[in-house]
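Undergrad: Each chain, written out:
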Amino acid sequence: MAFRFLIVDDSATTRAIIKRTIRMAQLPTDKVLEAANGMEALRVLACEAVDLVMADLHMPEMDGLEMTRRLLSEQSTRHIPVVVISAEPNCDRLEQMKREGVRGYLRKPFTPESLRALITETLGVCDG
Amino acid sequence: MVDIENCIAVRHLVDALERMAFISALPLEGTASKPASALLLRIGFRGPANMRIEILTDEALGSLMAANVMGDCPDALFRGRDALKELLNVTCGSLLSQWPSAEGRNFEMSIPEVQPVDAAGWEQLLAEGDFALLDAEGHILGIRLADRK
Chain A
1 MAFRFLIVDD SATTRAIIKR TIRMAQLPTD KVLEAANGME ALRVLACEAV
51 DLVMADLHMP EMDGLEMTRR LLSEQSTRHI PVVVISAEPN CDRLEQMKRE
101 GVRGYLRKPF TPESLRALIT ETLGVCDG
Chain B
1001 MVDIENCIAV RHLVDALERM AFISALPLEG TASKPASALL LRIGFRGPAN
1051 MRIEILTDEA LGSLMAANVM GDCPDALFRG RDALKELLNV TCGSLLSQWP
1101 SAEGRNFEMS IPEVQPVDAA GWEQLLAEGD FALLDAEGHI LGIRLADRK
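Line by line, the protein sequences are chains A and B.
Using my numbering, the first residue of the first sequence is number 1, and each one after it goes up by one.
Using my numbering, the first residue of the second sequence is number 1001, and each one after it goes up by one.
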């Protein structure tokens, strides 16, 4: 099975780093989509099916938490797991993130191994 | 002159640069000449400590980072500032996540800002003497922690 990912981050550099790291992690990939904020992500998800959303927390227009709330509130998107990849150091916010339904968290900077572990664990696939 | 080994932010900066863009940085030897396009980047944080981190560097380092990350993408040349802002953001988050004796580590980070630095500004910033200076594959890279203004 090959996965379809959506990367949501306002930094083009970060989106490129995550794409590169997905390749380095040798994850079976069908398609990697990109969005620069939560609002754009919702537009992408209105017409594309994905297996996992990887989002930053702090973005203009719509942040990662609000985007997660919107996805969970819609029948058509509530099954899509969201993980956060961020530099966020605030422990309260990380706890809030979990309460709001975010399935996993990876702190920047990250390694291919840690990204692979996050993805395989979140998608429940056997890593080996 | 800043003792690089004792500058807490340096380790986080070097690690972020290496992991994000495969660029290594070593202590600068020789003089810190002003590059053609010098930039000062700044991010503030509030919480158990209220401070800011500043990076003084060459815009060309940002272009190199973007090229390393994006490969042949034509946008890479224009993404230098974005790459440097993300480097500062990641460095700050990494530093704060391991901030010594900060209960709860409940920091709030600001949005990174960038501004060009002219020759006089470059001299003045270096004369303040608190930047830890590195050589990142031929590009100057300075970092300092300061009280938030």
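No lab work stands behind these hints: they were computed from the structure.
It cannot be assumed that every hint is accurate.
Said to hold, decoys possible - Computed spacing ranges between beta-carbons, pair by pair:
(1) A:Asp30 with B:Ala1146: 20 to 26 Å
(2) B:Asp1130 with A:Met24: 46 to 52 Å
(3) B:Ala1120 with A:His79: 55 to 61 Å
Unchecked claim - A short list of chain A residues far from chain B (calculated; beta carbon distances all over 12 Å):
(4) Ala12
(5) Ile17
(6) Ile18
(7) Arg20
(8) Lys31
(9) Asp51
(10) Leu52
(11) Glu74
(12) Ala87
(13) Pro109
To be verified - In silico DMTMM-like links for lysine to aspartate or glutamate, alpha-carbon gap of 25 Å or less:
(14) A:Lys19 with B:Asp1075
(15) B:Lys1034 with B:Asp1118
(16) A:Lys98 with B:Glu1108
Nothing here was measured: the structure is a model prediction, and the numbers come from that model.
Glycine is no exception: its CB is placed at the ideal position from the N, C-alpha and C atoms.
Undergrad: If a hint holds in the structure, say so; if it doesn't, say that too.
TA: For each hint, the structure was consulted:
Checked against the given bound of 20 to 26 Å, the beta carbons of Asp30 (chain A) and Ala1146 (chain B), roughly 47 Å apart, lie outside it. Asp1130 (chain B) and Met24 (chain A) have their C-beta atoms about 37 Å apart, which leaves the hinted 46 to 52 Å range violated. Restraint check, Ala1120 (chain B) to His79 (chain A): a C-beta distance of roughly 58 Å satisfies the suggested window 55 to 61 Å. Taking the minimum C-beta to C-beta distance to chain B, about 6 Å, the non-interface status of Ala12 (chain A) is violated against the 12 Å cut.
The beta carbon of Ile17 (chain A) is not kept farther than 12 Å from every beta carbon of chain B, the shortest such distance being approximately 5 Å. A cut-off of 12 Å between C-beta atoms contradicts the statement that Ile18 (chain A) is not in contact with chain B; the least separation is 10 Å. Distance check on Arg20 (chain A): its Cβ comes as close as 6 Å (rounded) to a Cβ of chain B, failing to clear the 12 Å threshold; non-interface status is violated. For Lys31 (chain A), the condition that its CB be more than 12 Å from all CB atoms of chain B holds, with the nearest at approximately 18 Å.
Taking the minimum C-beta to C-beta distance to chain B, about 24 Å, the non-interface status of Asp51 (chain A) holds against the 12 Å cut. For Leu52 (chain A), the non-interface assignment is confirmed: its Cβ lies about 21 Å from the closest Cβ of chain B, beyond the 12 Å cut-off. Distance check for Glu74 (chain A) against chain B: the nearest CB is about 29 Å away, which clears 12 Å, and the non-interface claim stands. Remark: the non-interface label on Ala87 (chain A) conflicts with the geometry, its nearest Cβ contact in chain B lying 3 Å away (cut-off 12 Å).
Interface exclusion of Pro109 (chain A) from chain B breaks down, the closest Cβ pair being 4 Å apart, not more than 12 Å. At most 25 Å may separate the alpha-carbon atoms for a hinted pair to count; Lys19 (chain A) and Asp1075 (chain B) meet this at roughly 15 Å. Between the alpha carbons of Lys1034 (chain B) and Asp1118 (chain B) the distance comes to roughly 9 Å, so the proposed pair stays at or under 25 Å and holds. For the hint pairing Lys98 (chain A) with Glu1108 (chain B), the CA-to-CA distance comes to about 18 Å; that is within 25 Å, so the pair holds.
Against the hints set out earlier in the document, violations occur for numbers 1, 2, 4, 5, 6, 7, 12 and 13.
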